[in-house]
Amino acid sequence: DAKTTQPNSMESNEEEPVHLPCNHSTISGTDYIHWYRQLPSQGPEYVIHGLTSNVNNRMASLAIAEDRKSSTLILHRATLRDAAVYYCILRDHFAGGTSYGKLTFGQGTILTVHP
Amino acid sequence: DSGVTQTPKHLITATGQRVTLRCSPRSGDLSVYWYQQSLDQGLQFLIQYYNGEERAKGNILERFSAQQFPDLHSELNLSSLELGDSALYFCASNTPTPPGTGYADTQYFGPGTRLTVL
Chain A
1 DAKTTQPNSM ESNEEEPVHL PCNHSTISGT DYIHWYRQLP SQGPEYVIHG
51 LTSNVNNRMA SLAIAEDRKS STLILHRATL RDAAVYYCIL RDHFAGGTSY
101 GKLTFGQGTI LTVHP
Chain B
1 DSGVTQTPKH LITATGQRVT LRCSPRSGDL SVYWYQQSLD QGLQFLIQYY
51 NGEERAKGNI LERFSAQQFP DLHSELNLSS LELGDSALYF CASNTPTPPG
101 TGYADTQYFG PGTRLTVL
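In the order they appear, the protein sequences are chains A and B. Take the first sequence: its letters are residues 1 to 115, numbered as in the numbering used here. Take the second sequence: its letters are residues 1 to 118, numbered as in the numbering used here.
One chain only, chain B, in its complex shape:
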């Protein structure tokens, strides 16, 4: 158990709909990362938040948005869903050290949310 929780575990919805995925980071972790895992694209970084502020963006579609709340939990909002958005969505957390250190800055991943768009 990584200490990161994600809800829901499974989500089935239709094209055009909007869903919200929720992530609770490990206790004390300030940073949350979202990743998407699909069969054709593999594991891809979407976005990172640090203490409520957006820190880095990856290949995140404009239809997708995220936020991190004062209690540090995060939500990933996916709208106008398409069939190709069907994937596993992982959240990870850590408290990163500043650049220039040799620390692993291990990211702790949650169990994921499996999204199926029909």
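One chain only, chain A, in its complex shape:
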């Protein structure tokens, strides 16, 4: 699986935007970029995913670099409830067999939101 690199931790103030970076310089053409987050004492939850174009949903936006070697998860107005570990994950949507389906988590970024 292609590797991702994220900062260990980031801090933000409530109601300010947060930009969480992810580097994936060895991404392949069929890798989608997925983001999951894990709130304290909970299981991970899906946030957003994309291939080449920027994506928006009700939780966040995903900005993907033109060369796809990096991406940024954007929380437009952080709330205290957004404090979590954010994981950037690459998934090959065309791989079959035993590679397909599983999520390979890195260390993620611990986001702290200050009131």
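Don't read these hints as lab results, they were simulated from the structure. Wrong hints could be hidden among the right ones.
What the hints assert, rightly or not - To give a feel for the contact side, a few chain A residues facing chain B, derived at Cβ under 8 Å:
id, residue
1, Gln42
2, Gly43
3, Glu45
4, Tyr46
5, His49
6, Ala83
7, Gly101
8, Lys102
9, Leu103
10, Thr104
11, Phe105
12, Gln107
Stated by the list, open to error - In silico DSBU-like cross-links for lysine-lysine, where the CA-CA straight-line distance does not exceed 30 Å:
id, chain 1, residue 1, chain 2, residue 2
13, A, Lys69, A, Lys3
14, B, Lys57, A, Lys3
15, B, Lys9, B, Lys57
16, A, Lys69, B, Lys9
As the list claims (entries may be wrong) - Now the in silico label distances, taken between C-beta atoms and shown as ranges:
id, chain 1, residue 1, chain 2, residue 2, range
17, A, Asn56, B, Leu118, 36 to 42 Å
18, B, Ser27, A, Thr79, 28 to 34 Å
19, B, Lys9, A, Lys69, 40 to 46 Å
20, B, Glu53, A, Glu15, 47 to 53 Å
21, B, Arg63, A, Glu15, 46 to 52 Å
22, B, Glu53, A, Glu66, 40 to 46 Å
23, A, Ala63, B, Gln67, 23 to 29 Å
24, B, Ser27, A, Glu66, 39 to 45 Å
25, B, Ser80, A, Thr72, 42 to 48 Å
26, B, Thr15, A, Asn56, 47 to 53 Å
On a predicted model such as this, the values are computed, not experimentally measured, just so you know. For each residue, glycine too, the CB sits at the ideal point set by N, CA and C.
Chain A is already provided as a structure; the job is to place chain B on it using the hints.
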């Protein structure tokens, strides 16, 4: 609430013992995944089942086994437990689309079972 349930929430046992963790997937989901989260290894994929059949295996120890039953619930069996098996065990479910689509195939995670081996 993801719709995935896991029991028990906490489990404390001794080295050498055997335990069974149970997972009920979201209604209608055919696939179940098991993950282990420990402080030193992070979140690691263990095994996936799809409609009763094993689909993919990760770094699952030989002392660990799993199965998915006809009603689609799954059990993870851990035997000859060691101190290092202490971890959070998560189950996730979905119904994956075939390779080649752009669907997220979002995995929905349960709240986890915290296993402590003393």
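Structure-based check of each hint:
Satisfaction of the interface hint for Gln42 (chain A) is found here, the shortest Cβ-Cβ separation to chain B being roughly 6 Å, below the 8 Å cut-off. Interface hint status for Gly43 (chain A): upheld, as the beta-carbon distance to the closest one in chain B is roughly 3 Å, under 8 Å. For the restraint placing Glu45 (chain A) at the interface with chain B, the shortest Cβ-Cβ distance is roughly 7 Å, inside the 8 Å limit, so the hint holds. Interface restraint check for Tyr46 (chain A): the shortest CB-CB distance to chain B comes to about 4 Å, inside 8 Å, so the restraint holds.
At about 5 Å, the closest approach between the beta carbon of His49 (chain A) and any beta carbon in chain B falls short of 8 Å, and the interface hint on this residue holds. A least Cβ separation of about 18 Å between Ala83 (chain A) and chain B goes past the 8 Å threshold, and the interface hint is therefore violated. Interface hint at Gly101 (chain A): satisfied, since its Cβ lies 5 Å from the closest Cβ of chain B, which is below the 8 Å cut-off. For the restraint placing Lys102 (chain A) at the interface with chain B, the shortest Cβ-Cβ distance is roughly 4 Å, inside the 8 Å limit, so the hint holds.
Contact between Leu103 (chain A) and chain B, as hinted, is supported at the beta carbon level, the nearest pair being about 6 Å apart and thus within 8 Å. Nearest Cβ of chain B to the Cβ of Thr104 (chain A): about 7 Å, under the 8 Å cut. The hint holds. Look at Phe105 (chain A): its Cβ gets to within about 4 Å of chain B, closer than 8 Å, so that hint holds up. For Gln107 (chain A), the interface hint holds, since its Cβ comes within 8 Å of a Cβ in chain B; the closest pair sits about 6 Å apart.
Simply put, Lys69 (chain A) and Lys3 (chain A) have alpha-carbon atoms about 11 Å apart, close enough for the 30 Å limit, and the pair holds. With a C-alpha separation of about 19 Å, the suggested pair Lys57 (chain B) and Lys3 (chain A) falls inside the 30 Å cut-off, and the hint holds. Of the pairs offered as hints, the one joining Lys9 (chain B) and Lys57 (chain B) holds, with about 24 Å between alpha carbons and a cut-off of 30 Å not exceeded. For the given pair, Lys69 (chain A) sits about 39 Å from Lys9 (chain B) by alpha-carbon distance, which is inconsistent with the 30 Å threshold.
Checked against the hint of 36 to 42 Å, the C-beta distance between Asn56 (chain A) and Leu118 (chain B) comes to roughly 48 Å, which is inconsistent with it. Distance hint check for Ser27 (chain B) and Thr79 (chain A): the Cβ-Cβ separation is about 30 Å, which falls inside the suggested range of 28 to 34 Å. At about 41 Å, the beta-carbon gap between Lys9 (chain B) and Lys69 (chain A) stays in the expected band of 40 to 46 Å. Checked against the hint of 47 to 53 Å, the pair Glu53 (chain B) and Glu15 (chain A) passes, with Cβ atoms roughly 48 Å apart.
Judged by the Cβ atoms, the range 46 to 52 Å given for Arg63 (chain B) and Glu15 (chain A) holds: they are separated by roughly 49 Å. Checking the proposed 40 to 46 Å range against Glu53 (chain B) and Glu66 (chain A) shows it holds: the Cβ atoms sit about 41 Å from each other. For Ala63 (chain A) paired with Gln67 (chain B), a C-beta distance near 42 Å fails the hint of 23 to 29 Å. Restraint check, Ser27 (chain B) to Glu66 (chain A): a C-beta distance of roughly 41 Å satisfies the suggested window 39 to 45 Å.
Under the hint 42 to 48 Å, the C-beta atoms of Ser80 (chain B) and Thr72 (chain A), about 45 Å apart, fit the expected range. The hinted window of 47 to 53 Å between Thr15 (chain B) and Asn56 (chain A) holds, with their beta carbons roughly 50 Å apart.
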